[in-house]
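A.B. asks: Sequence:
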Amino acid sequence: MSAFALTALSPLDGRYHAKVSALRDHFSEHGLIRNRVRVEVEWLKALAAEPALAEITPFSPATVAELDAVVADFAPADSEAVKAIEATTNHDVKAMEYWLKKRLGHNPEVMKVSEFIHFACTSEDINNTSHALMLKEGRDAVLLPALDAVIERVRGLAHELAALPMLSRTHGQPASPTTLGKELANIAARLMRARAQIAAVSLTAKFNGAVGNYNAHLSAWPEFDWEGFNRRFIESLGLAFNPYTIQIEPHDTMAELFDAIARANTMLIDACRDIWMYISLGYFKQKLKEGEVGSSTMPHKVNPIDFENAEGNLGVANAVLRHFSDKLPISRMQRDLTDSTVLRNMGVAFGHTVLALDSCLRGLNKLEADPERLAADLAECWEVLAEPVQTVMRRYGLENPYEQLKAMTRGKGITREALHAFIRTLAIPAEARERLLAMTPASYTGKAEELARRI
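Be aware that the sequence shown starts at 1, since it is given in our numbering, and climbs by one per residue.
Be a bit skeptical, because a hint or two may be false.
Simulated DEER-style distance windows between Cβ atoms [said to hold, decoys possible]:
id, residue 1, residue 2, range
1, 302, 90, 48 to 58 Å
2, 18, 303, 43 to 53 Å
3, 193, 91, 42 to 52 Å
4, 277, 446, 18 to 28 Å
5, 144, 424, 55 to 65 Å
6, 329, 156, 31 to 41 Å
These are calculated hints, taken from the structure and not from any lab test.
Note that the Cβ used here is the ideal one computed from N, Cα and C, for glycine as well.
Generate coordinates for the entire structure from the input sequences, incorporating the hints supplied.
C.D. replies: Right, dumping it as structure tokens:
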């Protein structure tokens, strides 16, 4: 581990830096500055390409290519140069504007229209669009692929273990059997739905000036359709256009995304806790890793640390995500600055989520079912067959079926022999009696296998 990682304040940049490195391109200060440059460059290109804005000279293909290269080749050293200018301006967006003019100072076509860099923009036009791009790219390029890997592993285990019977536990007590695969299919189904909701959030951006009314735009070109033009500009970046805003975009779709991620994280917390319990019960064993230590004093231990790490990081992520959702849609009158510092922590929430997904996947890849342990639990719980027996009794009109089975089984076990003796006394068709006598806790799993294979 590097000296930087050892002295980092945040574990995301220290202990876990390698596991969340893919997020740095999107949510670091460099990632924010790079997106600001992208928005400014695309805005200048859009203005220059509009025939109705005759005073802005169109760019040659060579200049368009150079402008594109400024964005494509934007490196950390360029961000450092922007930050050096910010030390004087004490304004991050203005520093980026000055850097861009200096960077393109040799190009006469750009210099001729250099004052149209940042034309009619408030800083928030640049910032909100950049933040939306950061979120969209971070979601699509990093978070969703990490979530997809977890879902696919859970689905694979669901198919692999579809037919393996398992004793259910409701309220922690023995209940109607299922299969281990079906319980994993339940997790996969929930995560698949949550994944679709995360992906479906359409992130909005605004580009309408200081208080959302195109005041500056119309002062220069009063007859021009700025709303239509700016809508096309925002949509060209792959974002949805918000026509009604104050100085800032109200962050409602950001909150939708953060809420959707937090819901998926909550489902994963539930899954991690259940799998932790299944490991504790012995339903799952964990593959051993050479050289790994489970306890500093107890050599026998193989701890479910991956699921514990995942649960902890999901909790941290959700604490931040829910603060985002509660805080960001609120701004005093036309603008306050409380959102600015909060938005700088988007990478923190994504980082802890991605870290948790990595831990969860590693834990899933270590799991091995223990059929003998599962079978032993089932063999000791013949009382779970009280449900099908009393249900068949109801079909054939026998009196007080529930009460009879309750008296025989509630709060106590029952042997196979005792249950079969009771079944043989029932006045039901022979075929139904034989079906009940052939039933075992391990075979009483309903459609569990079919449902697990279907996911």
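A.B. asks: Does each hint fit the structure? Answer for all of them.
C.D. replies: Evaluation of the provided hints:
{"no.": "1", "hint": "302 to 90: 48 to 58 Å", "in the structure": "55 Å, holds"}
{"no.": "2", "hint": "18 to 303: 43 to 53 Å", "in the structure": "22 Å, violated"}
{"no.": "3", "hint": "193 to 91: 42 to 52 Å", "in the structure": "44 Å, holds"}
{"no.": "4", "hint": "277 to 446: 18 to 28 Å", "in the structure": "22 Å, holds"}
{"no.": "5", "hint": "144 to 424: 55 to 65 Å", "in the structure": "57 Å, holds"}
{"no.": "6", "hint": "329 to 156: 31 to 41 Å", "in the structure": "39 Å, holds"}
Of the hints listed earlier, the one the structure fails to meet is number 2.
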